[in-house]
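Residue numbers for the sequence shown follow UniProt numbering, so the first one is 1 and each next one is one higher.
Source of the hints: derived by calculation from the structure; they are not laboratory data.
Be aware that a few hints might be false.
As the list claims (entries may be wrong) - Capping the alpha-carbon separation at 25 Å, the derived lysine-lysine pairs in DSS-like fashion look like this:
hint, residue 1, residue 2
1, Lys188, Lys253
2, Lys2, Lys182
3, Lys274, Lys173
4, Lys298, Lys182
5, Lys182, Lys272
6, Lys216, Lys253
7, Lys173, Lys2
8, Lys289, Lys9
9, Lys173, Lys272
10, Lys9, Lys253
11, Lys272, Lys9
12, Lys274, Lys9
13, Lys188, Lys289
14, Lys272, Lys253
15, Lys298, Lys216
16, Lys216, Lys289
17, Lys188, Lys298
18, Lys182, Lys253
Claimed, not checked - So the derived label-pair ranges between C-beta atoms look like this:
hint, residue 1, residue 2, range
19, Met1, Pro247, 29 to 37 Å
20, Glu219, Arg21, 41 to 49 Å
21, Val33, Asp152, 27 to 35 Å
Glycine is no exception: its CB is placed at the ideal position from the N, C-alpha and C atoms.
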Amino acid sequence: MKIVIIGSKGFIGSHCLAYFRSQADIEAWGCDVVTDYVDSNYFLIDATNADYREVFRDQGFEVCINCSGAASVPQSLEHPLRDYTLNTNNVFRMLEAIRQFSPHCRFINLSSAAVYGNPLWLPITEDVPVRPLSPYGWHKQYSEQICQEFHDSFSLRTCCLRIFSAYGPGLRKQFFWDLHTKAQRNQKVELWGTGQQTRDFIYIDDLIQVIALVIKQGEFAGTIYNVANGEEVSIGEAASVFMEHYPVQADLKFSGYERPGDPLRWCADIRKIKAMGYHQQVSLTEGLKRYVQWLEEK
């Protein structure tokens with residue numbers, strides 16, 4: 001099988017590329033904006049003015065995994081046009097290139113639980129009405145609609161993975177990274193929120209397990225899949241688990257202020273990925289232990 005991973009230098013994309021290149025029956029190609037290290041199976045693109053025709057013109061890829069895009073709610077509020085370009089417009093450009101040159105290629109779009117905003121019920125099923133709280137969430141929702149459009153209008157095989165709170169080695173943003181950078185500088189650490197907000201965490205290796213299962217067994221009719229573990233964990237509890245493994249002790253304090261765009265409670269219904277055989281391999285405690293080890297070694 002021949003696979004291309006767009007955004008292969010990012011957090012999820014780099015793990016994805018490493019995993020599929022380790023599989024004997026898969027030829028995996030990378031595609032990104034970074035040139036620090038490339039090989040013959042790599043496409044260099046300009047993400048702000050992307051042209052994906054070269055990627056799909058001659059290679060005959062069977063699967064495309066889109067791991068690219070911006071991944072910051074605060075940045076989407078400051079620079080919404082840039083976020084739209086990277087998270088929405090580029091998805092259209094990818095699918096248009098696939099339509100023209102490689103219509104049999106299956107397309108997996110990495111979306112986000114941010115489309116749910118503050119959901120109407122928990123656990124969150126894939127059919128709950130979406131209510132984004134930020135440009136980032138809206139743009140991810142638009143990308144999902146584009147995937148549905150290209151399936152319905154042109155019979156392209158597409159699906160979207162709504163990823164909840166992914167973490168692991170290589171992640172240099174979001175909650176645990178912020179906690180690390182603040183704890184390095186101060187013995188007293190102030191964090192956004194009350195600590196009562198909840199998330200549904202998934203370790204990077206488990207996320208890659210889901211992607212592999214979707215390639216083998218998934219539906220590609222604009223289909224949506226939640227990617228999480230179905231466990232509601234408070235931010236305060238997650239921070240405490242992190243600090244149990246962290247070498248520098250710090251006093252944690254929550255500001256009580258909510259950041260614009262941040263939801264209150266998340267917990268996913270994951271029956272669809274469980275039906276394909278998904279089983280959590282890495283607990284939050286073990287995953288944060290591995291993440292802290294990476295932080296110490298980097």
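Checked hints:
Between Lys188 and Lys253 the CA atoms are separated by roughly 7 Å; this keeps the pair inside 25 Å, and the hint holds. Under the criterion of a C-alpha separation no larger than 25 Å, the hint pairing Lys2 with Lys182 is inconsistent with the structure, at around 42 Å. Proximity of Lys274 to Lys173 is assessed by CA-CA distance (about 28 Å); at most 25 Å being required, the pair is judged violated. Of the pairs offered as hints, the one joining Lys298 and Lys182 holds, with about 17 Å between alpha carbons and a cut-off of 25 Å not exceeded.
At roughly 38 Å between alpha-carbon atoms, Lys182 and Lys272 are farther apart than 25 Å, so this suggested pair is violated. Restraint check: the Cα-Cα separation between Lys216 and Lys253 comes to about 45 Å, which exceeds 25 Å; the hinted pair is violated. Pair hint Lys173 plus Lys2 does not hold up; C-alpha atoms about 31 Å apart against a cutoff of 25 Å. Only pairs whose Cα atoms come within 25 Å are accepted, and Lys289 paired with Lys9 is accepted, the gap being roughly 24 Å.
In summary, the hint linking Lys173 to Lys272 is not supported, as the alpha carbons are separated by about 28 Å, beyond the 25 Å threshold. Simply put, Lys9 and Lys253 have alpha-carbon atoms about 34 Å apart, too far for the 25 Å limit, and the pair is violated. Distance check on the hinted pair: Lys272 and Lys9 sit about 29 Å apart at the alpha-carbon level, beyond 25 Å; violated. The straight-line distance between the Cα atoms of Lys274 and Lys9 is roughly 29 Å, outside the 25 Å bound, and the hint therefore fails.
The hinted pair formed by Lys188 and Lys289 meets the criterion: a straight-line CA distance of about 22 Å does not exceed 25 Å. Pair hint Lys272 plus Lys253 does not hold up; C-alpha atoms about 37 Å apart against a cutoff of 25 Å. Using a Cα cut-off of 25 Å, the hinted pair Lys298 and Lys216 is violated, with the two alpha carbons roughly 34 Å apart. Proximity of Lys216 to Lys289 is assessed by CA-CA distance (about 30 Å); at most 25 Å being required, the pair is judged violated.
With a CA separation close to 24 Å, the supplied pair Lys188 and Lys298 stays within the 25 Å bound. Of the supplied pair hints, the one linking Lys182 and Lys253 holds, its CA atoms being roughly 12 Å apart against a limit of 25 Å. Take Met1 and Pro247: their Cβ atoms lie about 42 Å apart, and the range 29 to 37 Å is violated. Separated by about 26 Å at the C-beta atoms, Glu219 and Arg21 break the suggested range of 41 to 49 Å.
Judged by the Cβ atoms, the range 27 to 35 Å given for Val33 and Asp152 holds: they are separated by roughly 31 Å.
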